[in-house]
Amino acid sequence: MKRAPLKDIWDGWVARLDATEPAYALAIVRILLALTILTCLLSIGLSGVLPLLWHDRAHGGMRDVSGAWWLVRLLGGPKAGLVDAIYALAVTGASLLLLGVGGRVTPLVLGQLLLVLFSLNSSTGGGHDRVMTCALFVLGFSGASKTLSLPARLATGRWLAPAIVPSWPRWVLFYQLGLIYMSTGMQKVGSDWLPWGDFRAIYYALQLTEWARWEHTWAATMWGYPLTQLGTMSTMFLEWSGLVWVLSAWFAETPERGGRLRAWSNRLHVRELYLVLGLGLHVGIWVTMNVGPFSPAMLSLYPCAYGGAWWARRLASARQQP
Amino acid sequence: MEEARWATPAGKRELHQWAEALGTSDQALRDVVWKAGGAWLSFRNDLVAPFRPYLVYTGSRQSWRMFSMVSHEQGQLAISVDRGNGREPVFVSYEHELWRRTELRQERTRTILNDFFGRESKSVWPGFVDRLADWAREDFPDAKTLEVEISTRPTPDPGTAPEPFHVTWTAQRVLQ
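Note that the protein sequences, when read in sequence, are chains A and B.
Here the numbering used here is used: the first residue of the first sequence is 1, the next is one more, and so on.
Here the numbering used here is used: the first residue of the second sequence is 1001, the next is one more, and so on.
Only chain A is shown next, with the shape it has when bound in the complex (with noise of 0.2 angstroms):
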């Protein structure tokens, strides 16, 4: 008797939330992540703009800031000693989200955490909060804290301590960053970005005193001018066709599964040639501007391009090398 194909889609469905796989990917994740945060709360912390950013007019802060997230009406309202607390609380977390203290509690508290913070002054943030705040939410189901974790290491005396873990938490982290950048490509309308504006955004954003980390007259010469070209033209293909790479990602990760177009993905090495035009564009947007966390925050991401087996491979043949 023939299957009904609803029934085929639902069990397919099921048994990808099914699939399991090695905890080290999403561990990477982990550490990556809360690196990024770590460092984006000490700078404000470390360099003095705090109260500037982030307490009200009466406590040295540039502007009556928000008290409308419902953590802060809960709390009482943004007064500077409470969000000079919840700061600090958001500091220990990422530290115990590095050291993978905590388990699934610490990504999704730290989270709520962040969000108290980002809402206070929405003049002074981004998208790239939102990427930190969206994956800790995710990590918070996904047990990536069972392995390179100081409680793995006191568990099992191994850092690479072995641990299955769902894989649908990578795959939701991994679709996110491509979803990112396919809409933000589709943002991009200004005329700069496209073959009838000269492809001439990047030449210009890199002319904008308030992001450049120096100023880029180099930009502006016969060699430099064209490599700004360059640029733009490579941002908009990695940006527009961001889902391909979650494509041949999945295409890398089951070749069994046959068909011409995973072959053809497989044998051109499609997922490692995005890989490359990815950290192409974030070092060089991290060598020439300062734009926040966006470049680590979604670096942190990219580990997700492989699965838990193939970090486990990789990491086992580190350590086998003299």
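No wet-lab data here; the hints were simulated from the structure.
Warning: the hint list may mix true and false statements.
Anything over 10 angstroms on all C-beta distances counts as not near chain A; from chain B, calculated [stated by the list, open to error]:
no., residue
1, Pro1009
2, Gly1023
3, Ala1028
4, Lys1035
5, Ala1039
6, Val1048
7, Gly1084
8, Glu1088
9, Arg1110
10, Thr1145
11, Arg1173
Partial list, derived from the structure: chain B residues whose beta carbon lies under 7 angstroms from chain A [claimed, not checked]:
no., residue
12, His1016
13, Gln1017
14, Ser1060
15, Gln1074
16, Ser1093
17, Glu1103
18, Ser1121
19, Arg1131
20, Glu1138
21, Pro1158
Cβ atoms here follow ideal geometry from the backbone N, Cα and C, with glycine treated the same way.
Position chain B against the provided structure of chain A, taking the given hints into account.
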């Protein structure tokens, strides 16, 4: 869709270029895009409405607007104090970044400067200048006044000389 963002120099420039490419007037294109965009957003908002509490409370709402239209204007922050010998520049973007560079070049301070250079967040400007005045009182106890200027100029195209900056916002605070 934000009315104010469409009214920025970058927004007007892009609208004009697209209108020219499509052979229509700026106003006609604006009307069509505004109507279509509004309808799409309204449909999308209705679709997302049941999930909104989940998105808000879990922090999983993802917004992004990364250089969708790159500004063709360069901005400059210039801060000076008067210690009885006339204006003394203490911070000028690129040219003279000496005073409180760590704070003024911090990644989240840059975000607010980006708004100021684009003539946005005007309501935050007085508070920002007040905080600079607080810092100046700590660092220059002998200074009488603090002056803060936001200036802009068109970004020079490759191979062309830059124009001088023109002051767009200015504010002064008495320090003692």
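Hints, verified against the model:
| no. | hint | verdict |
| --- | --- | --- |
| 1 | Pro1009 | 12 angstroms, holds |
| 2 | Gly1023 | 14 angstroms, holds |
| 3 | Ala1028 | 17 angstroms, holds |
| 4 | Lys1035 | 17 angstroms, holds |
| 5 | Ala1039 | 17 angstroms, holds |
| 6 | Val1048 | 14 angstroms, holds |
| 7 | Gly1084 | 27 angstroms, holds |
| 8 | Glu1088 | 21 angstroms, holds |
| 9 | Arg1110 | 5 angstroms, violated |
| 10 | Thr1145 | 20 angstroms, holds |
| 11 | Arg1173 | 14 angstroms, holds |
| 12 | His1016 | 10 angstroms, violated |
| 13 | Gln1017 | 5 angstroms, holds |
| 14 | Ser1060 | 5 angstroms, holds |
| 15 | Gln1074 | 6 angstroms, holds |
| 16 | Ser1093 | 5 angstroms, holds |
| 17 | Glu1103 | 5 angstroms, holds |
| 18 | Ser1121 | 5 angstroms, holds |
| 19 | Arg1131 | 5 angstroms, holds |
| 20 | Glu1138 | 11 angstroms, violated |
| 21 | Pro1158 | 4 angstroms, holds |
Consistency note: the structure conflicts with the earlier hints numbered 9, 12 and 20.
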